[in-house]
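With the hints as your guide, set chain B onto chain A.
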Amino acid sequence: MKPIIKIENLCFGYYPDRSIFDNLCLTVIEKEFWAIAGPNGVGKTTLLNLLCGLLKAKHGRVEVESKNISAYTARKLAQKIAIVRQEFAPLFDFKVREIVSMARIPYLGTFGFEQKADYEKIEEAFELTGTSELAARKFGGLSSGERQRVLIAKALAQDTPILFFDEPTSFLDLKHQVQIYDLLRKMQLEKNKTVLAVTHDINLAVQYCDKTLLLGEHCIFQYGITEEVLRREQIEKIFNVSIYTSAAEGKEYFIPVGKYGKKKDV
Amino acid sequence: MNFIMWILTSRRLILVILLCFLILLLVMVVCACCGTQDISLSRVFEGPSKLPGENVDYEIFMGIRLPRVVLAALVGAALASSGVVLQAILRNPLADPYILGISSGAGLGVIIAFLSGLSFNLLAGSPVAVFAFGGSLFTVWLVWLIGYFAGRLNVTSLLLAGVVVNAFFSAVIMFLTSIARSEQLRATVYWLMGSITEKPASVLGFSGVGIVGGIVILFIISNKLNAISVGENEAKSVGVDPVSIKLAAFSLTAFITAIAVSLSGLIGFVGLVVPHGVRVVLGPDHRTLVPVSAIVGAIFLVSADTLSRTVFGQEQLPVGVITAMAGGPFFLFLLAKYCKGISWLK
Numbered sequence: 001m002k003p004i005i006k007i008e009n010l011c012f013g014y015y016p017d018r019s020i021f022d023n024l025c026l027t028v029i030e031k032e033f034w035a036i037a038g039p040n041g042v043g044k045t046t047l048l049n050l051l052c053g054l055l056k057a058k059h060g061r062v063e064v065e066s067k068n069i070s071a072y073t074a075r076k077l078a079q080k081i082a083i084v085r086q087e088f089a090p091l092f093d094f095k096v097r098e099i100v101s102m103a104r105i106p107y108l109g110t111f112g113f114e115q116k117a118d119y120e121k122i123e124e125a126f127e128l129t130g131t132s133e134l135a136a137r138k139f140g141g142l143s144s145g146e147r148q149r150v151l152i153a154k155a156l157a158q159d160t161p162i163l164f165f166d167e168p169t170s171f172l173d174l175k176h177q178v179q180i181y182d183l184l185r186k187m188q189l190e191k192n193k194t195v196l197a198v199t200h201d202i203n204l205a206v207q208y209c210d211k212t213l214l215l216g217e218h219c220i221f222q223y224g225i226t227e228e229v230l231r232r233e234q235i236e237k238i239f240n241v242s243i244y245t246s247a248a249e250g251k252e253y254f255i256p257v258g259k260y261g262k263k264k265d266v
Numbered sequence: 267m268n269f270i271m272w273i274l275t276s277r278r279l280i281l282v283i284l285l286c287f288l289i290l291l292l293v294m295v296v297c298a299c300c301g302t303q304d305i306s307l308s309r310v311f312e313g314p315s316k317l318p319g320e321n322v323d324y325e326i327f328m329g330i331r332l333p334r335v336v337l338a339a340l341v342g343a344a345l346a347s348s349g350v351v352l353q354a355i356l357r358n359p360l361a362d363p364y365i366l367g368i369s370s371g372a373g374l375g376v377i378i379a380f381l382s383g384l385s386f387n388l389l390a391g392s393p394v395a396v397f398a399f400g401g402s403l404f405t406v407w408l409v410w411l412i413g414y415f416a417g418r419l420n421v422t423s424l425l426l427a428g429v430v431v432n433a434f435f436s437a438v439i440m441f442l443t444s445i446a447r448s449e450q451l452r453a454t455v456y457w458l459m460g461s462i463t464e465k466p467a468s469v470l471g472f473s474g475v476g477i478v479g480g481i482v483i484l485f486i487i488s489n490k491l492n493a494i495s496v497g498e499n500e501a502k503s504v505g506v507d508p509v510s511i512k513l514a515a516f517s518l519t520a521f522i523t524a525i526a527v528s529l530s531g532l533i534g535f536v537g538l539v540v541p542h543g544v545r546v547v548l549g550p551d552h553r554t555l556v557p558v559s560a561i562v563g564a565i566f567l568v569s570a571d572t573l574s575r576t577v578f579g580q581e582q583l584p585v586g587v588i589t590a591m592a593g594g595p596f597f598l599f600l601l602a603k604y605c606k607g608i609s610w611l612k
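Protein sequences, first through last, are from chains A and B. Those letters in the first sequence? Residues 1 to 266, by the numbering used here. Those letters in the second sequence? Residues 267 to 612, by the numbering used here.
Only chain B is shown next, with the shape it has when bound in the complex:
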């Protein structure tokens, strides 16, 4: 009943989401067809052949391209929606998914994984992924703890706690890289740049459920994010408890960002640029912003990843380089447009 009412009263939003989702599907199919090896869609649709190696197009599409495109979409969606939510909760337009120290925590986890040379397989995750995930969640937990004791999850104390933990862990990372051997160092640096590589279907399954589930819950609390982005007292006066919403939003964004980071390393700019871009076009209502940013983030990262594996032929570029190179100028453009908008209003 509730769900039917929701569909009736939010037709515009549903249309926008459907449209974006169709574009995402289109982009995913197109990107899956691009690559060093040309494949034709009609051959793919013929399905698997009886003998392996007979329908190569199908095998490349299903075995390599599609998992990679899906992975990029999941990571992009997680980063962009986390960015939206953190900007609202921290009341800071510069917030991105890594602002509360996830990046350094994950980096530290990864370098420890490389240095220790461990090898195991937990839920189909490699040591690097598991350590990145653990490191991310540990850091966020630490930042909360500091923020909580410094000022009851007050925004400024949280941000300061994030900065302090980030600085300390970065120092530890630098110390560890300075004593690392060169091949370990190269692997770490490559990971820190953020890159998307093919992952087994089971990994995609677990992380897909986690990320999509997290985004759905964020969407359900998104009208409360509107209230909080106006002010915490203001939120309370319309019956929204800011502490519980903040805790829920932080836990969810930490969780989906940690999954994204463990899959692909530190891909910058998606979580900062996409929310701002969508906000400029569709306005700041988080009920639209959360789902649409997730889809646009997915489109952005799928496209960026396709560029990263095609521009230099066989040699792959870390996708983080592409997102930063494309995101930086785009962000400047937005900033200029946004500031002009403000002065025009005055």
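Looking at chain A on its own, in the form it has when it is part of the complex:
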């Protein structure tokens, strides 16, 4: 039960008069699968960027493996955290293998060429994500589901204890949504990764995530075991929508109900 990420009194805002986080405190234990949920614009992606050092907090500190992230070099931090972002648009026509190989950059020597150990990590990542047959294809020609799997392979090849995902299922159909989350769960269980996934989809969080951080407007936050955080009243309040719940396999799932549905009077 070793804490791997520790956030203490984190304060941040893009504008002085509008803060996004006010005294956020959170501890992530090793090998946990966290969902970071909440409506648009409450700072889910911002939180990931603060955690991976892309943004600097106004106050407070973020520790990764008991060391302040500002004490890490970019290279060392890249050996701890891999992140799959929402947007990924290579300028040139890279092949899948070349994209995945870039994950090894934090480990390369002066001349910047992969060694045997690097190739092994890359092959392993291809195998685990079932993307070996895509390796020789052009990245630009992949479907959304294949793209996402390749990016997960890239994150895996980076060989970090922590994986961040920003909306990993945003452009995927139902089958590919669960396929991706199955894969994330596999990373957690088989490769002992600590996984943090930003998502709008609270039902995927219910199904897969051990813990959930629910962010709301006006710097509200709540976290804990997923089932305890994601309750109907809480979701209705945070998302400002009425919710219909339905149970399956002992878990409670949430369906948002709009005002002008087909059977209702407009």
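Wrong hints could be hidden among the right ones.
[Said to hold, decoys possible] Keeping only pairs whose Cα atoms sit at most 20 Å apart, straight-line, the calculated EDC-like set for lysine to aspartate or glutamate is: (1) B/465 <-> B/581; (2) A/76 <-> A/159; (3) A/56 <-> B/507; (4) A/138 <-> A/87; (5) A/76 <-> B/507; (6) A/259 <-> A/236; (7) A/76 <-> B/498; (8) A/2 <-> A/210; (9) A/251 <-> A/228; (10) A/191 <-> A/159; (11) A/56 <-> B/498.
If you're looking for bench data, these hints aren't it; they were derived computationally from the structure. Source: prediction; values computed, not measured.
Chain B in isolation, oriented as in the chain A frame:
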């Protein structure tokens, strides 16, 4: 140790580089033999004679042809490798070595040199070369400064700064050409077209060290260019600091492009077409792209320069005219092929 590991793990790349380099050497020798005066290689290999003027072939080869061919190779290598790097850093396939305003800065320097009629000799460089070099570096520095204050070296603000500085300096150039005398004007216009002329060995030595050194450092950072060409946040997430890599890459490309410009004027298209051509054939990995583009750029410019001094006999054509005439259609061909490739994928 590191170097040995590198050789072991990148045999394919080393083979490609060696092959390209052999072709370059071959092209250089062949081109050095072409010209208005026929010379035979066997006579050249006989070496210098005791009396000057006895082995004319050797003297022409070593004194005129070889320096010129080496110069063309250096300039071609500098322009092509700068083009590759700037396309990656600016995330813009239309980028070329002149995109951040070097061309207008160098042009302005040169016209000032012609108008002022100065004559001096700095490190074996003529006033024109020194002013072109200074003008280039000054402009790039100015563009950085504007880009930095407009948005912390953000790509769009850099490109806009480049466009603005280019436009302003071009206006100054036009103003100066409109008040220039006709012989100064002719010299400036000829320079702007880009031309390769014989240079003393000392100039070749200095610029050779600068250009080759710059390309070697660019090669060493080339795996980080891969990361940056995918996106700056993406680069950061694999531990590459985009700001320092951008600064290093911009300074190096500005430096080697400024050397190239001061040697040969504004030779267009090499820095745009060669990187695209090599990328279509070998893929976008910058670890291959940087060295191979440099060599292919050298081959391209050596050949173009040989054409420029042979097609019209004694009368020499500015090599910039040849590169643009050959480069334009070739670029269209690439564009067509590239677009077809995309639609085929979809």
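Outcome of the hint check:
1. Restraint check for residue 465 of chain B and residue 581 of chain B: satisfied, since their Cα atoms lie roughly 18 Å apart, inside the 20 Å limit.
2. In summary, the hint linking residue 76 of chain A to residue 159 of chain A is supported, as the alpha carbons are separated by about 12 Å, within the 20 Å threshold.
3. Taking the CA atoms of residue 56 of chain A and residue 507 of chain B, the gap is about 15 Å. The hint holds against a cut of 20 Å.
4. With a C-alpha separation of about 17 Å, the suggested pair residue 138 of chain A and residue 87 of chain A falls inside the 20 Å cut-off, and the hint holds.
5. Under the criterion of a C-alpha separation no larger than 20 Å, the hint pairing residue 76 of chain A with residue 507 of chain B is consistent with the structure, at around 12 Å.
6. Distance restraint check for residue 259 of chain A and residue 236 of chain A: the Cα-Cα separation of roughly 14 Å lies within the 20 Å cut-off, and the hinted pair is therefore satisfied.
7. Of the supplied pair hints, the one linking residue 76 of chain A and residue 498 of chain B holds, its CA atoms being roughly 17 Å apart against a limit of 20 Å.
8. Pair hint residue 2 of chain A plus residue 210 of chain A holds up; C-alpha atoms about 16 Å apart against a cutoff of 20 Å.
9. Among the hinted pairs, residue 251 of chain A with residue 228 of chain A is consistent with the structure: their alpha-carbon atoms are about 12 Å apart, no more than 20 Å.
10. With a C-alpha separation of about 10 Å, the suggested pair residue 191 of chain A and residue 159 of chain A falls inside the 20 Å cut-off, and the hint holds.
11. Only pairs whose Cα atoms come within 20 Å are accepted, and residue 56 of chain A paired with residue 498 of chain B is accepted, the gap being roughly 16 Å.
The structure shown violates none of the earlier numbered hints.
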